[in-house]
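Please construct the entire structure, taking both the sequences and the accompanying hints into account.
4 protein chains.
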Amino acid sequence: MPLKTPVEYVESLRRLKIRAYVGGERVGSIVDHPAIAPHINTVSKTYELAHRPEHQEVMTAISHLTGERTHRYTHIFQSADDLVKKIQMLRLLGQTTGTCFQRCVGLDALNAMYATSWEVDAVEKTDYHARFRRYLERVQREDLMLAGAMTDPKGHRAKRPAEQADPDQFVHVVERRADGVVIRGAKLHNTGGINSHEILVMPGTGLGPDEQDYAIACAVPADAPGVLFIFGRQSNDSRKLEGGCDIGNPRFGVVGGEAMVVFDNVFVPTERIFLNGETKYCGGLVNYFATWHRANYGGCKGGNADVLIGATAKMTKILGTDKNAVVRDKLVEMVHMNETTYASAIGASAMGYKLPCGSFMVDPMMANTVKQNITRNVYMIGRLSHDLAGGFLATMPDQKALENPEIAPFVKKYHTANPDYDVMERIKMGRYIENMTSVTTMVEAMHGAGSPQAQRIVMLAQAGIEEKIKMADTVISGTDDVPGLPLPVRELAATKG
Amino acid sequence: MPLKTPVEYVESLRRLKIRAYVGGERVGSIVDHPAIAPHINTVSKTYELAHRPEHQEVMTAISHLTGERTHRYTHIFQSADDLVKKIQMLRLLGQTTGTCFQRCVGLDALNAMYATSWEVDAVEKTDYHARFRRYLERVQREDLMLAGAMTDPKGHRAKRPAEQADPDQFVHVVERRADGVVIRGAKLHNTGGINSHEILVMPGTGLGPDEQDYAIACAVPADAPGVLFIFGRQSNDSRKLEGGCDIGNPRFGVVGGEAMVVFDNVFVPTERIFLNGETKYCGGLVNYFATWHRANYGGCKGGNADVLIGATAKMTKILGTDKNAVVRDKLVEMVHMNETTYASAIGASAMGYKLPCGSFMVDPMMANTVKQNITRNVYMIGRLSHDLAGGFLATMPDQKALENPEIAPFVKKYHTANPDYDVMERIKMGRYIENMTSVTTMVEAMHGAGSPQAQRIVMLAQAGIEEKIKMADTVISGTDDVPGLPLPVRELAATKG
Amino acid sequence: MPLKTPVEYVESLRRLKIRAYVGGERVGSIVDHPAIAPHINTVSKTYELAHRPEHQEVMTAISHLTGERTHRYTHIFQSADDLVKKIQMLRLLGQTTGTCFQRCVGLDALNAMYATSWEVDAVEKTDYHARFRRYLERVQREDLMLAGAMTDPKGHRAKRPAEQADPDQFVHVVERRADGVVIRGAKLHNTGGINSHEILVMPGTGLGPDEQDYAIACAVPADAPGVLFIFGRQSNDSRKLEGGCDIGNPRFGVVGGEAMVVFDNVFVPTERIFLNGETKYCGGLVNYFATWHRANYGGCKGGNADVLIGATAKMTKILGTDKNAVVRDKLVEMVHMNETTYASAIGASAMGYKLPCGSFMVDPMMANTVKQNITRNVYMIGRLSHDLAGGFLATMPDQKALENPEIAPFVKKYHTANPDYDVMERIKMGRYIENMTSVTTMVEAMHGAGSPQAQRIVMLAQAGIEEKIKMADTVISGTDDVPGLPLPVRELAATKG
Amino acid sequence: MPLKTPVEYVESLRRLKIRAYVGGERVGSIVDHPAIAPHINTVSKTYELAHRPEHQEVMTAISHLTGERTHRYTHIFQSADDLVKKIQMLRLLGQTTGTCFQRCVGLDALNAMYATSWEVDAVEKTDYHARFRRYLERVQREDLMLAGAMTDPKGHRAKRPAEQADPDQFVHVVERRADGVVIRGAKLHNTGGINSHEILVMPGTGLGPDEQDYAIACAVPADAPGVLFIFGRQSNDSRKLEGGCDIGNPRFGVVGGEAMVVFDNVFVPTERIFLNGETKYCGGLVNYFATWHRANYGGCKGGNADVLIGATAKMTKILGTDKNAVVRDKLVEMVHMNETTYASAIGASAMGYKLPCGSFMVDPMMANTVKQNITRNVYMIGRLSHDLAGGFLATMPDQKALENPEIAPFVKKYHTANPDYDVMERIKMGRYIENMTSVTTMVEAMHGAGSPQAQRIVMLAQAGIEEKIKMADTVISGTDDVPGLPLPVRELAATKG
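Residue numbers (this note's numbering), protein chains in the order written: chain B, 1 to 497; chain W, 1001 to 1497; chain C, 2001 to 2497; chain U, 3001 to 3497.
Check before you lean on any hint, since a few could be wrong.
Think about it this way: if two alpha-carbon atoms lie no more than 30 angstroms apart in a straight line, the pair counts; the simulated DSS-like pairs of lysine-lysine are [said to hold, decoys possible]:
1) C:K2330 with W:K1330
2) C:K2330 with W:K1154
3) C:K2354 with U:K3354
4) C:K2470 with U:K3470
5) U:K3470 with C:K2400
6) U:K3413 with B:K17
7) B:K330 with W:K1159
8) U:K3280 with U:K3125
9) C:K2280 with C:K2125
10) W:K1354 with B:K85
11) U:K3159 with B:K413
12) W:K1159 with C:K2317
13) B:K154 with U:K3159
14) W:K1330 with W:K1317
If you're looking for bench data, these hints aren't it; they were derived computationally from the structure.
Bear in mind that the values here come from a model prediction, so they are computed numbers and not experimental data.
Structure, rendered in structure tokens:
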């Protein structure tokens, strides 16, 4: 069965020669590095749950290529139900890990590439799609983890790729060879790449006809020569190295272990190239990816918020405020915001429609509302969590204070609230809340899958403003009379002349 | 085919001897009364669209009782898809009429009664369900319009039905006869009753074992002796009588023509009684009704908001502000709020699950988020409409000013904005916006299907706070280790002792 | 003493030959017209309270021209304390009348004209200021009511005055004579003009050098030949004519009785002209007026909201929900929003600074925040009022229903909530809330003294973004070292190179 | 002159034998400790600016005790102007340091103690006030830094001090001696105590008559035997030790260096006791302190937000998005929220009123609105900053990456946006934004000076709900007729009977 176990996943990573830098230093073994291991632990959960019978339906699917049961994270969406199940899988994983589990980017990238390569071939008579299917079969068979890589550095935001002072601000082809191409550039905020098997590189924006070299989509092994990962600094990252109660989420990571992936003149053989110069399909590819991806946030952040709400509710018990009507009303508000985005993500999925290639796309308007609300709600939910958890969040003691016998008794004594709960429960819940509402976490929710304004641009395009104006015209004209109905609409005499 | 035409609907109403009061006066013919006709026009649209081939799928369904194609407004939900189609029907009708089309209350009441009567019978060995199915068959066959009647006056809100100074503050049985019961009381805010064929009376709240007389559900013909309707006053209602450009929505009504229905010792024969004394099922009945009904608001208000957004967008063209980036961003915000609730309503429907009786219920948490957001968004959407449409909304000229030649030229001249648009377009769009954001309209959206706090009570019950606490406990304990995985979680030594 | 009594005010109005149209008809006597009388009643309160010893300090001031005690509504602000007292006067009047009392526009117009005429003279060596002081002395001596008239129809919003298809879209000079000018155009949304003695006409926008004919400011008697008032239609305006419990605010008007004032070739003698062709001062004049006026909303709407909050709190007692913790929390939220804008208005006033002419201007940034918050808070406060007052607001019975003995007993019986309160109290409170949250009321709060975007333009100009960037540069550079302090700032070595 | 220089302040700290723990270790010299020095640097600014002539008016005041010019931070408020100047001082210091400067707690504690001791003496014939004046004179003469200590650990929140399982959860007297008392307990979230000269201990809540031992207010030297400080852990605190570009605010601290202060059987001589057993004055003392303190947040957070807005605006220039209309509108929104709370704080101060002892108190309602808005606005301002600054905030490189020549060129190249700006500017601005929106910073703004609910309790008490109901009653009764005015109010006949 093509479903890796967690151990197989970890061991397969260990075999890769990934060139990664954390804290400015070259990492010997990513698997054993304390800053990376938590992210690997998180991904391991995605492998683990796929083996559990009770989660089989949401965690796996039957491949349309092979007919075999594969991990849902390598599956091409075959129905609206597949889209719904994806959201359910994300909420389950969010609840289980309390953080980002990274594989969604690769999943949506596979789907975007699948649909786009089909569409390019249909018009251009290229053979990208067949090539991509071969690649996909291997991904499914080996249950690989993929990182999608889309976001370019972008340089000066008011300029196009071809106008940048530094042409490398967007990944592009710098050399064309008989057997492939050489690419240069970087992708930023790359989720999970550092502990993936493969990187699926895609253009990060729509392109003009003069920007052919930027129209490149391809798969690159994570340890290909010229690929290097530079880990971004996260809020409170050094606590991962300290261990102890300050760590927040002790087993899992914060967000997705985002890194800068540098492509320093990386050679890509032809078999791994899925788009090469066809600029007019780039906008569509980005759009496909972003649309699927924006709906996801109603699932994963929903699961994460469940844990955050749980931690907050626990805090009110520890404090002894849990019976207060206004406190309960604030918990309800957290739940309400969370369920709104989950419901919308389900709606977007249930309204999924078939693309020309046969796979399924979520409703674009709904998917964009999900993400737009996330960019607001994580702040409002975090704020309510801070409200209920108290000032303690800002002044919690550290592990070291608990280890020094001169002061530990004071620290414990004076941080005990409801004595039914051990003080360590309070501290650990507090650190988890801090973790989940840190700048790194919030900003990921704000900007992942596109900034708020990106969603609004899609919404305006999707809004059908002119159709709405027609509806208003029809209603106020009063002319949409019911045929044969003897009830006259009121005269609107004055409107004449 | 059991689908009435609009004309048949109107003629069938004409045959009823409905006792109705508008503006304090007994109405001769409801069909010809200018305050009621707009509401009849709106309902007529529901009959009309069911005959249009392009809308057949959303407007009709195959009855599970008869196998015949019936109006979706008399259909028992047989699948999640039926629930989704209901929401789509509501949005279509909302877009077509720009107001409330009233029949949803009856639809959800039929479904609530269907499921509850089944459940009562299953336990109590009564025969309400069979009785109700007979009734339902007639409703479907004759394509009747039903008004659900649930909201009691409630008297002192801190007291239960049996504690009220006036026992009639909740509808109750005042006499039991061999062939039926006599009921007394009233139902408030009753949507569509005044132009319905039948009233489906249900208890308005959960009841205690000592409140058996209040546990009564039954069907009453709208023109049964002892039934009278007292029309509530609406914002700007007298303009309906004036006609002209001040009317707002020239053909259709404002909200649902809400009335107080008085049951002044009304006799109900046994065949029309579907619950009688089984107090412990009342809470469930109310809950079923409310849950379906709360999801609806994402459909109907979504359609209404489409028209409002269209009217607002039109206003920006008339004013010449339509190219402004901030103006466009405000339109996007209106769209965003509107699509959020629509997406959630679709989500709630797509997650519909089978009840014991075989019919389908929406997801309760999602349904409640829909309504909760509506109680906020209508105000925010209205506010943005006012922002973009301008101060003109507060000082628009009236029809009479346009008819007086001394001043009409000034009125027209100085209210012309972009001269490409006739001044009457501006006035009529303005009046429609005023109409759609009037107190009557807003308050209906706020309190229909339950006040905001009612939704929050359900949400808290549905939130699974204890399960969420368990998730948080699991995550922060770090004990949910991946089996066999060699990566150790960081030591949490200090937590011991 | 130059303080009119209410009776004197009314009688002085009666002597004017104001040409007004209400409901399309020429009004015989404005004083006796049921649509206008409520507005006159409101203004009468401003005259009445000035005679009450307990309110003397806020309602009157010592004229800097004559040394006599005059009405504060004709006073030129001589100190920050005068500005604070104005806000206090507005809150008192708002609490007393529960509506708009209209005289603020005239007051701020007098002050704007006073300061601008001084500034024009100082540069241009004109004599507008002396002329204006003579005019002002008469206003103070006779305690006149003035309407400021600023808002032009504006036509196509993307075009300047001189670019409009119809040159009359902004008031302008159409003829220049030896003894004065003839003006043509209209002013919209004019508050109080219909029951004022005088209209102070001002340009409505900044002007370019080629728009000299539009640079006209002057005083026009309300009954000057060529001046006519066309009353705008208000939400539920016809109820004023019906009387009874539906009226809302039984004694006073809704908002300010806004009208269109048409200047149909009105001759203005030189003595009444205070600006004539000096285009470059027009922006400043508008700005002065708007800035003072925006701060006002924290006072008047604060007082109005006090009454609305009171009516809402009363409703919770009538319903029996007043002890509920969440209900009380919602009342607190209404109070919080209201006091925020009041506090800001006081802040703007207390920070008042002296203008070149010697009078006092409020802090512009603070004044704009007041109005900006008002454009949001009135909706949120209204929403909470609707939430607490219940669905009743949308379906309240009308006066006629209470007069028909067939139904009056039902209406009373079933609208009685807590039986300690008479049902009429509930209805009247409900109607008042409807009144205060109607479209006319909300839109006035949104657009009066400038639309939301107008405030944001000022805020951006006032924000000192470049200064804030400098602050950030200084802080992050860490170079602002404390002289002589031995504590070194951490090395920032990497920043070099 | 009793104004310390920064150097004198630092040297005076060096002479103290403060027992402090940071990171679980006893600190040798607080002045030289990298976690504490930034906080000392910040306070030094308060000393420094008092010597600058251009800031003399806001930074200093004339002591009413000695007639000498003293630091405003040791001054008893003698007028509303003193209150306004305090807010201005806070904004200036907030703009200068971009963080919390700590001395406000001591200032408001001095004022609260001053007023309360006067009031106790007036009734109880005690001599606390004279004693306190002697203490205050020394504070002013030596320009001491004081930390107010009010917040007790509080244990189980639903229990009173006397009901706690551990009686030490609130500071209390454990031994009474002839020459003083011995106190035990702790104060949490203590701002600035670790680098203060003196701690002013006050009860943290209103007390019942049986809680006399908890009614203790006194001054304790920061290095008194039995006093120890345990530094709370802050977000990203270890970066202070690393130095480099990750530090955020390179010179100054994050928030106020909050610590737990333990009073481990501390002896307090009589001369330093200002309240001892008079339980009924404790609520008032807390209230005085909290009211002054809540208004402060409009000043200090206003200044901090100026820097944050500046940093965000700078980021838009670096990115090249600064010309975008929607981007600018978001900056305006940040400014708007910030100026709203500043304006309210000024309003609260300008409305200051004289207390019985002669000092001045801010308007309580306004002061509470300030803090309530802060608890919301810091999140919304932070959110907009994240929106505009981009995903970069979550994945910025660290100092070490910039020092490793293998990767530094990539890091710099791919984080260069608008090439007019050096990449280090972008990183440092980003780190400062992260710093200012970290959990520690947000939570301090949320809970400092009392949690949101604490403000709402005061607001409800201050709201005058009954008076507002009376206003509503008066308005809707229509009985408040203008004497002698011939205009009749509309008949309300139906209201009778």
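Query - Index of numbered hints that the structure contradicts, given in increasing order - result: Failing hints, ascending: 4 and 13.
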